Amino acid sequence: MSKQTTSLKMAVRIFEPFEVAIAEMWEQFCHHRGTDFELDIVPLELEDLHREAVAQEGLKNGSWDLALINTDWIAELYAKEAAKNLKPYIDRNPPIEFPDGWSESLLKMQQFGDDIIGLPFHDGPECLIYRTDLFEDPDEQQKFKEEYRKELKPPETWEDFVDIAHFFHRPEDNLYGSVWAAYPDGHNTVFDFALQVWTRGGELTNANGEVVLNTSAAVEGMEFYRKLLQDRQAVHPQCADFDSVKAGMAFARGEVAMMVNWFGFASLCEFHEESKTKGNVNITSIPRSSGGTKVSLNVYWLYVLGKGSQHKKIGYEFLRYAVTRGNDKLLTMKGGIGCRLSTWHDPEVNQEVPYYHRLEALHQNAKTLPRKTNWSAMAGVIDEAVLQTMNTSRPVRGILEEAQESISKISATQRS
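Residues in the sequence shown are numbered from 49 upward in steps of one, following this note's numbering.
FYI, nobody ran anything at the bench for these hints, they're computed from the structure.
Note that the structure is a prediction, hence the values are computed from the model and not measured.
Backbone N, C-alpha and C define an ideal beta-carbon position, used for all residues, glycine too.
Some hints here could point you the wrong way.
[Said to hold, decoys possible] BS3-like, lysine-lysine: derived pairs with alpha carbons at most 27 Å apart:
hint	residue 1	residue 2
1	326	360
2	415	275
3	377	156
4	135	57
5	201	360
6	361	128
7	156	326
8	324	57
9	128	193
10	342	275
11	360	128
12	191	324
13	156	191
14	294	275
15	355	294
16	275	57
17	324	355
18	201	415
19	457	128
20	360	342
21	156	324
22	201	156
23	324	294
[As the list claims (entries may be wrong)] Simulated restraints, written as ranges between beta carbons of each label pair:
hint	residue 1	residue 2	range
24	453	160	25 to 33 Å
25	396	76	39 to 47 Å
26	278	358	48 to 56 Å
27	181	133	34 to 42 Å
28	144	409	21 to 29 Å
29	181	398	18 to 26 Å
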């Protein structure tokens with residue numbers, strides 16, 4: 049009679065580099081530990097992952113032993129008491145070099161007082177990603193200068209961004225000036241909203257920590273965003289169907305001159321087998337308004353152990369193993385973005401991705417979204433406001449005023 053095998057069930061963000069890297073880590077873990085356990089890796093779209101692991105409390109009720117969790121959801125997860133506090137495990141048997149092996153910016157969101165409910169998995173702040181073969185081509189530089197009376201270089205302002213997008217927009221060559229992840233999933237459009245506000249000197253919260261949407265910076269940013277997304281001479285025609293992954297793949301296939309996206313999609317161009325842009329990619333700061341400041345958005349992914357798991361001991365052992373130097377680098381070489389300082393400065397990684405060491409500098413100007421237990425609901429409101437901005441001709445201020453009323457109601461419900 050064959051021995052019954054026990055499985056750990058893990059919910060992950062659907063993304064080939066994540067799936068491949070975790071599967072390889074588990075295989076190596078089993079080899080070193082000598083376990084009969086199996087790991088059932090289940091790839092899910094963003095909204096499905098949130099619903100399964102967080103909203104329906106799958107991590108709390110034991111449906112999932114492990115999960116990858118976006119920091120957007122971390123306060124909600126903690127409020128639901130769905131994730132196992134890792135602090136006692138860390139005190140007894142910490143990950144190697146914890147916490148000094150990581151940037152402080154990747155350790156804050158998952159810590160609530162003394163409780164730690166996740167370990168860093170995948171990072172990469174938003175930045176401007178562009179094609180060096182286009183920007184550094186002498187003929188392109190000459191043509192651009194003749195047409196726009198300025199040098200062709202990565203855009204520092206949103207006005208420059210639009211000019212360059214128009215210049216490189218060549219549908220007949222399957223080349224588009226820019227691409228945006230405008231798919232309505234409560235994330236991509238929300239990130240764009242935040243960046244448009246921040247790059248104009250605005251904030252998402254007031255002095256009392258309340259989320260505010262109806263600011264002058266938000267109105268200006270959304271008016272710009274509407275005009276850009278509706279400009280068929282500046283953006284990829286499939287933006288409305290693209291999440292960040294699909295937008296990143298369009299860039300990797302050589303369909304786009306530049307984009308604002310996660311750092312990981314620059315790195316992906318150097319590793320993915322479908323990439324046609326390997327060796328021709330670079331990154332820089334996100335454009336800003338003439339009076340704005342340099343800023344990035346830091347949202348990252350965490351390994352989380354479910355509070356309802358029946359296999360917490362081996363679950364933590366695997367997470368501890370997964371964040372070693374070698375496995376952090378493994379994730380990177382598969383196309384993800386490792387979180388350790390050692391990976392960011394690793395010679396082999398930087399040989400493959402010459403700009404990889406600049407992750408540390410990106411973090412210095414990175415902001416985070418508000419850490420609120422009801423952020424998912426608020427993000428849904430922002431998502432809808434951005435969609436109305438993109439798809440209607442209604443005055444932006446009116447859209448944001450209505451959105452602010454909805455945000456205020458959500459906040460009032462939370463307080464009651």
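Comparing the hints with the structure gives:
1. 326 - 360: violated (41 Å)
2. 415 - 275: OK: residue 415 and residue 275 at ~25 Å, within 27 Å.
3. 377 - 156: The given pair, whose Cα atoms are some 22 Å apart, holds under the 27 Å limit.
4. 135 - 57: holds (22 Å)
5. 201 - 360: Roughly 52 Å separates the two Cα atoms, so the pair is violated.
6. 361 - 128: holds (22 Å)
7. 156 - 326: violated (34 Å)
8. 324 - 57: Given pair residue 324, residue 57 is violated - Cα atoms ~35 Å apart, limit 27 Å.
9. 128 - 193: Violated. Residue 128 to residue 193 sits at ~57 Å, over the 27 Å cutoff.
10. 342 - 275: Distance ~22 Å between residue 342 and residue 275 Cα, so the pair holds.
11. 360 - 128: Given pair residue 360, residue 128 holds - Cα atoms ~18 Å apart, limit 27 Å.
12. 191 - 324: holds (24 Å)
13. 156 - 191: violated (47 Å)
14. 294 - 275: holds (22 Å)
15. 355 - 294: violated (33 Å)
16. 275 - 57: violated (45 Å)
17. 324 - 355: violated (43 Å)
18. 201 - 415: holds (25 Å)
19. 457 - 128: holds (21 Å)
20. 360 - 342: violated (42 Å)
21. 156 - 324: At roughly 37 Å apart (the allowed maximum being 27 Å), residue 324 and residue 156 break the hint.
22. 201 - 156: violated (35 Å)
23. 324 - 294: Given pair residue 324, residue 294 holds - Cα atoms ~15 Å apart, limit 27 Å.
24. 453 - 160: 25 to 33 Å: holds (30 Å)
25. 396 - 76: 39 to 47 Å: violated (18 Å)
26. 278 - 358: 48 to 56 Å: For residue 358 against residue 278, whose Cβ atoms are near 52 Å apart, the range 48 to 56 Å holds.
27. 181 - 133: 34 to 42 Å: violated (49 Å)
28. 144 - 409: 21 to 29 Å: For residue 144 and residue 409 the Cβ distance comes to about 25 Å; the hint holds.
29. 181 - 398: 18 to 26 Å: At roughly 20 Å between Cβ atoms, residue 398 and residue 181 fall inside 18 to 26 Å, so the hint holds.
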